[in-house]
Amino acid sequence: MSALLQARLDQADRVIDEAIERSLFGTDPISIAKSPPGAGKTFLVECAAAVAVGAPAMRVVIVTPGVSQLYDVAERLLEYRLPRLELAHAKHRVLPPALVGRITSSNGWAANLNIGPGIVVTNVHLLASYL
3 MSALLQARLD QADRVIDEAI ERSLFGTDPI SIAKSPPGAG KTFLVECAAA VAVGAPAMRV
63 VIVTPGVSQL YDVAERLLEY RLPRLELAHA KHRVLPPALV GRITSSNGWA ANLNIGPGIV
123 VTNVHLLASY L
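For the sequence shown, position 84 matches number 86 in the working numbering, and the numbering has no gaps at all.
Where hints are given, some of them may not hold.
Label pairs and their in silico Cβ distance ranges [said to hold, decoys possible]: (1) R61 x A35: 16 to 26 angstroms; (2) I117 x Q13: 18 to 28 angstroms; (3) V96 x S4: 46 to 56 angstroms; (4) Y132 x Q13: 31 to 41 angstroms; (5) F27 x G118: 17 to 27 angstroms; (6) Q13 x K93: 42 to 52 angstroms; (7) Y132 x S4: 43 to 53 angstroms.
Please keep in mind that the hints were generated in silico from the structure rather than gathered at the bench. Only a predicted model underlies this, so the values are computations on that prediction, with no experimental measurement involved. Beta carbons are placed, not taken as given, at the ideal position from N, Cα and C, and that holds for glycine.
Taking the hints into account, I'd like the entire structure generated from these sequences.
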């Protein structure tokens, strides 16, 4: 690996570390990752979720723009075997076969999602309907 490539990789690692630090431990109540497809948003969310579970009282809500992204993020986070990972989607939705029996889900925003530490994955349409 060339020195230039290694320098770019190191810089990318620092950017990701700073983004995670700001989103989880900064003073802003919300963080938005907006970039083109393939830029690493889901990877950033995976890394932030892994860091968040290390903070015992941390509660994180991951909000995706659409339901397909919701299921994709949930499936990827299942690989980490997080202590609490829950999914909330619209009342008329059915979990895709790849998630059935692998994740706790609620149809609509259940009151228990607001209690205790952990990670909840939902999409913007569901969240907006409860604001």
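| R61 versus A35 beta-carbon gap, inside 16 to 26 angstroms or not | This hint holds: roughly 18 angstroms between Cβ atoms.
**Item:** Range agreement (Cβ of Q13 with Cβ of Y132, hint 31 to 41 angstroms)
**Value:** 39 angstroms, holds
Open item on the list: Against the range 43 to 53 angstroms, how does the distance between the Cβ atoms of Y132 and S4 compare: consistent or not?
Closed with: 50 angstroms, holds
Between the beta carbons of F27 and G118, is the distance compatible with 17 to 27 angstroms? 19 angstroms, holds
| request: Could you say whether the range 42 to 52 angstroms given as a hint is met by the Cβ separation of Q13 and K93? | output: 45 angstroms, holds
Okay, I117 versus Q13 on CB: inside 18 to 28 angstroms?
-> 40 angstroms, violated
CB-CB spacing for S4 and V96 relative to the 46 to 56 angstroms hint: Check passed, 49 angstroms falls within 46 to 56 angstroms.
The structure shown violates just one earlier hint, number 2.
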